[in-house]
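Participant: What follows is the residue order along each chain.
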Amino acid sequence: MSEQAESAVGMPSRAGWQVPWTLIVFLVALSLPWIGSRYDTFLGTQIAIYSLFALSLNLLLGTTGLVSFGHAAYFGIGSYACGILMKIVAVPFWLAFPAAGLIAALFAAGFGFFCVRLTKIYFAMLTLAFSQIVWAICFKWNDLTGGDQGLPDVPFPDLGWMAALPGFDRMRIAEQFYVLALVLVALSVAALRRLTGSPFGRVLTTIRENPERAAFIGVNVRLYELAAFTIAGGFAGLSGALFGIFNRGVFADFVFWSKSADVMIMTILGGMHHFWGPAVGALVLTLLNQQITAYTEFWPFVLGTILIVLLFVFPGGILGALDVALSRMSKRRDA
Amino acid sequence: MLEISGLTKSFSGFVAVADVSFTVDTRQIAAVIGPNGAGKSTLFNLITGHLRPDSGRVLLDARDITGVAPHETCRMGLGRSFQRTNIFPLLTVFENLQSAFLVHYGRGRNFWSRSESFYRDEVEALLVSIGLREQALLLGGTLSYGNQKQLELGLALAIDPQVLLLDEPTAGMSASETHETIRLLQRIADERGLTLLFTEHDMAVVFGIAQKIAVLHQGHLIADGTPEEVRNDPEVRRVYLGHGLSQ
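Residue numbers (the working numbering), protein chains in the order written: chain A, 4 to 338; chain B, 864 to 1110.
Bear in mind the hints are in silico, worked out from the structure with no lab data behind them.
These figures come from a predicted structure and were not determined experimentally.
Don't take every hint at face value.
[As the list claims (entries may be wrong)] Going by beta-carbon spacing under 8 Å, a handful of chain A positions derived as facing chain B: (1) R197; (2) L198; (3) S201; (4) F203; (5) G204; (6) R205; (7) V206; (8) T208; (9) T209; (10) E212; (11) E215; (12) F219; (13) V222; (14) Y227.
[Said to hold, decoys possible] Label-pair distances were calculated between CB atoms; the ranges are: (15) A:T122 with B:D927: 24 to 30 Å; (16) B:V878 with A:K334: 41 to 47 Å; (17) B:S868 with A:G113: 39 to 45 Å.
Beta carbons: idealized from backbone N, C-alpha and C, even for Gly.
Go ahead and model the full structure; you've got the sequences and the hints to work with.
Facilitator: Okay, structure coming up:
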């Protein structure tokens, strides 16, 4: 809760010097191609992209209180849009990337128009239904999406300019792409952060807290829910665009419901009531996945066990648990 | 200021509100009373647009607001508090009120500024007015029941309403809390020139501050007039027999 508690302090403004944690994390992550192995960079790319995906879901889950079981639809639409534009239409990345976000946002706006008319479990079911429709289309429309064969060999963006920078000349393309992806993810996350702390974000919070009361202070609840759904879809689309390139291909399972479950697990694991929770969840889940699959093929079993323990012992996720521990420590110090 | 005519609502055959008409004048304090299940809450939900009536009309300051959605009636100057407290529990008291101001002043489309710095003075003034200055930084959900009711009143006031609808403002309060709440309501209504319409179980409260009383019984309006008229109405006496109206 520290993040929330800080912004929750209405009256006194923050005083004193603070450790710029986000900057430090970003710089450490940025140095990965120089200090880490190729495999570290590979994992780093995956974590960065999934972080953005999970953070976009949390705009719905943690901020607005909307449970979407179909968030992979917009991730997948973004990756197909970017992949098709780059591979088939030969559009450069700097155009295909924003276009992917925009197309995903448009689909989210269209599907969301119907979804926000329902509440709670019905809302969740309709998001799931739409995402499965998208999956079925991606799986069957051979001419456009490659159907069950997918869309292999999505090209890397042209990163020749990066090689001209000092220190980048000896990098492999996958490492250069990591740097690009990391910067784009950081910019997107900064925008999401800004959005969450803005008056718009506050209105979304009132909807999470109490939609009925929100309507009676003058909030057009459906309209704001639709706006949140569209924006979340757009950012999911951006993360999908990056993932398609990273994965060297786009496949129908990007849109499958289990992908929606994965991202929801990351978000809840990290802590949905904390802005950075989903990113922590993406990091932990990706690393756990790597570690545990090295020992056992029963990864889903281990994951399930970890989740059950977590949900019962630390319902606030990893960051929620950390907050509780930190506040206990500071209380003990005060006492 | 508030004019209700022929309002009717039934739920699958059960008539909850039947052809109810009455008016509340500007700056008047009016009460709707009636036994449990008389249709008071349904009537409130019809007025605020939470429910759509089968027939009849609601006029607010001569504008038709029948069936208009709550977020719009709210913008037209109709504030409301609920019987069960209805606040934003995981936001601080300060943030609760600040959110209402943000929405009221149309800042919800601001995607970029930090929300903390908005309307501090307005929130501060309102906190003092409703007596929650000391609790500003507590989470809404951690307040005592009475304080939550005060906060809810604050939420209704932040949108600067002309007409305030209060559903059982003193429900579940001790005698002293009730007394304080009533004094607070009277003072604020007076300061802001509010028109007040409230429902209430406590007859001492009703006859203490209402200038006009409407009595509902099984969905029908059986009396409507000054406290004195209502007190002496034979039909009301029959319905409320032994419920302390004769005091």
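Participant: Against this structure, judge whether each hint is valid.
Facilitator: Evaluation of the provided hints:
no. : hint                           : result
1   : R197                           : holds, 6 Å
2   : L198                           : holds, 5 Å
3   : S201                           : holds, 5 Å
4   : F203                           : holds, 5 Å
5   : G204                           : holds, 7 Å
6   : R205                           : holds, 5 Å
7   : V206                           : holds, 4 Å
8   : T208                           : holds, 7 Å
9   : T209                           : holds, 5 Å
10  : E212                           : holds, 4 Å
11  : E215                           : holds, 6 Å
12  : F219                           : holds, 5 Å
13  : V222                           : holds, 5 Å
14  : Y227                           : holds, 7 Å
15  : A:T122 with B:D927: 24 to 30 Å : holds, 28 Å
16  : B:V878 with A:K334: 41 to 47 Å : violated, 57 Å
17  : B:S868 with A:G113: 39 to 45 Å : holds, 41 Å
When each numbered hint is compared with the structure, a violation occurs for hint 16 only.
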